[in-house]
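**Q** If you want the building blocks of each chain, they are given just below.
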Amino acid sequence: MDVLREVGNIGAGNAATALSRLLNKPVDMAVPKVQLLPFEEISEMVGGAEQIVIAIFLRVEGDAPGNLFFILSPDAAKGLLKRLVGMHPETDGFLNEMEQSALCEIGNILAGSYLSSLADFTKLAMSPTVPALAMDMAGAILSYGLLQFGQMGDDALLIDTTFLEGNHEVEGQFFLIPDPDSFAKIFRSLGVPVDHD
Amino acid sequence: MIEEQSVVKVGMADLNVIQHSGVIRTVGLGSCVGLTMYDSQLNLAGMAHVMLPSSDIAREGQLNTAKYADTALPALLDKLLQLGASPSRIVAKMAGGSQMFAFAGTGDTMRIGPRNVESCKLKLAELHIPLIAEDTGGNYGRTIEMDASTGILYIRSVQTGVKEM
Chain A
1 MDVLREVGNI GAGNAATALS RLLNKPVDMA VPKVQLLPFE EISEMVGGAE QIVIAIFLRV
61 EGDAPGNLFF ILSPDAAKGL LKRLVGMHPE TDGFLNEMEQ SALCEIGNIL AGSYLSSLAD
121 FTKLAMSPTV PALAMDMAGA ILSYGLLQFG QMGDDALLID TTFLEGNHEV EGQFFLIPDP
181 DSFAKIFRSL GVPVDHD
Chain B
1 MIEEQSVVKV GMADLNVIQH SGVIRTVGLG SCVGLTMYDS QLNLAGMAHV MLPSSDIARE
61 GQLNTAKYAD TALPALLDKL LQLGASPSRI VAKMAGGSQM FAFAGTGDTM RIGPRNVESC
121 KLKLAELHIP LIAEDTGGNY GRTIEMDAST GILYIRSVQT GVKEM
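Here the protein sequences line up with chains A and B, keeping their order. Each step along the first sequence adds one to the number in my numbering, with nothing skipped, and position 92 is 92. Each step along the second sequence adds one to the number in my numbering, with nothing skipped, and position 3 is 3.
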């Protein structure tokens, strides 16, 4: 678990640096949490299954496949758009196509820096697919990332990191949900003995 | 949608029943399917939150029957029959099975929503239970609840508000 936390730490550290460069402001991040959680509790981490969130989703391909979500509250997402690209999204309602596209690209940059540092550290090939964006209930979005785990049991392992900028509340969260078979590969690549399998 | 009533919650890969009054609810359906069965004479409502189409692909030790369409539907039916429901009176409704993220490729997982819907329909046909209403597909999440006293299914989504059927 400590090894996975360190992996998450390095990835998230790089993403935080990227975000801080984009914003030209310091961005703090919480120490990543690595947890084996029942499905029900995963959406609790963003405020409940019905909580409306904006998620940028990328499938990670390569040696250690998995699902990567960058999750923001609608307010945080609109704030990012204002500060980063000078857009002025409506306070209520959905993002238009341009705003979605811009946000997708921001998510892509952050996810890319997250993944490339993980890949460097583990010496595993990890490449992101084209990002997709959804603004919807957290449960509906995150359940998509749990399907691979669904075949094995009712828990999933995830690495969760929260970003904070100044006094703003939770600015964003990274959820990396490696596929069930990816853990052993990550461990092995880091020289940690794997007892089972 | 009366808040003072008792609420039975159905989690992901879970199933449950409620009788006489109150509502049975499952939240945040994406590619999962919320399937209900109802016996109007007993005011008996059952609901399953189906996550995957078939238990054939299961690799878990102790199979969670509520998780797979092919095992959840018979399990839910059994539960209703044990409570005295008549097979000839039971009708089904379902919602969910969307594709939350629409992008090209990456195989079967992308299509899990539609496959969940197909698999539920197949199983209902096998069990001879009529499907009298459905709200499936699309690219958005749904929260559903059934009122045990009426058998009305309420479907709430972020984009389209509340529907009833």
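Read the hints as simulated data drawn from the structure, not as lab findings. Where hints are given, some of them may not hold.
What follows is a set of in silico ranges between Cβ atoms, one per label pair, in the way DEER data are often shown [claimed, not checked]:
#  : chain 1 : residue 1 : chain 2 : residue 2 : range
1  : B       : Ser6      : A       : Asn108    : 42 to 48 angstroms
2  : B       : Lys163    : A       : Glu40     : 21 to 27 angstroms
3  : A       : Leu190    : B       : Glu60     : 23 to 29 angstroms
4  : B       : Gln82     : A       : Leu36     : 31 to 37 angstroms
5  : B       : Pro130    : A       : Met87     : 47 to 53 angstroms
6  : A       : Glu44     : B       : Asn139    : 22 to 28 angstroms
7  : B       : Glu60     : A       : Thr17     : 58 to 64 angstroms
8  : B       : Gly61     : A       : Lys123    : 41 to 47 angstroms
9  : A       : Met87     : B       : Lys163    : 30 to 36 angstroms
10 : A       : Ser189    : B       : Gly137    : 17 to 23 angstroms
11 : A       : Glu44     : B       : Ser54     : 25 to 31 angstroms
12 : A       : Ser101    : B       : Thr160    : 33 to 39 angstroms
13 : B       : Gly61     : A       : Phe94     : 52 to 58 angstroms
For lysine to aspartate or glutamate, the following DMTMM-like pairs were computed, each having C-alpha atoms within a straight-line distance of at most 25 angstroms [unchecked claim]:
#  : chain 1 : residue 1 : chain 2 : residue 2
14 : B       : Lys9      : A       : Glu40
15 : B       : Lys9      : A       : Glu44
16 : B       : Lys9      : A       : Asp2
17 : A       : Lys185    : B       : Asp78
No residue lacks a Cβ here, since even glycine has one placed at the ideal position from N, Cα and C.
**Q** All the hints need checking, so say for each whether the structure fits it.
**A** We went through each hint and held it up to the structure:
no., hint, verdict
1, B:Ser6 - A:Asn108: 42 to 48 angstroms, "holds (46 angstroms)"
2, B:Lys163 - A:Glu40: 21 to 27 angstroms, "holds (25 angstroms)"
3, A:Leu190 - B:Glu60: 23 to 29 angstroms, "holds (27 angstroms)"
4, B:Gln82 - A:Leu36: 31 to 37 angstroms, "holds (34 angstroms)"
5, B:Pro130 - A:Met87: 47 to 53 angstroms, "holds (50 angstroms)"
6, A:Glu44 - B:Asn139: 22 to 28 angstroms, "holds (24 angstroms)"
7, B:Glu60 - A:Thr17: 58 to 64 angstroms, "violated (40 angstroms)"
8, B:Gly61 - A:Lys123: 41 to 47 angstroms, "violated (33 angstroms)"
9, A:Met87 - B:Lys163: 30 to 36 angstroms, "holds (32 angstroms)"
10, A:Ser189 - B:Gly137: 17 to 23 angstroms, "violated (40 angstroms)"
11, A:Glu44 - B:Ser54: 25 to 31 angstroms, "holds (28 angstroms)"
12, A:Ser101 - B:Thr160: 33 to 39 angstroms, "violated (23 angstroms)"
13, B:Gly61 - A:Phe94: 52 to 58 angstroms, "violated (43 angstroms)"
14, B:Lys9 - A:Glu40, "holds (12 angstroms)"
15, B:Lys9 - A:Glu44, "holds (15 angstroms)"
16, B:Lys9 - A:Asp2, "violated (35 angstroms)"
17, A:Lys185 - B:Asp78, "violated (42 angstroms)"
Checked against the numbered hints above, the structure breaks hints 7, 8, 10, 12, 13, 16, 17 and satisfies the rest.
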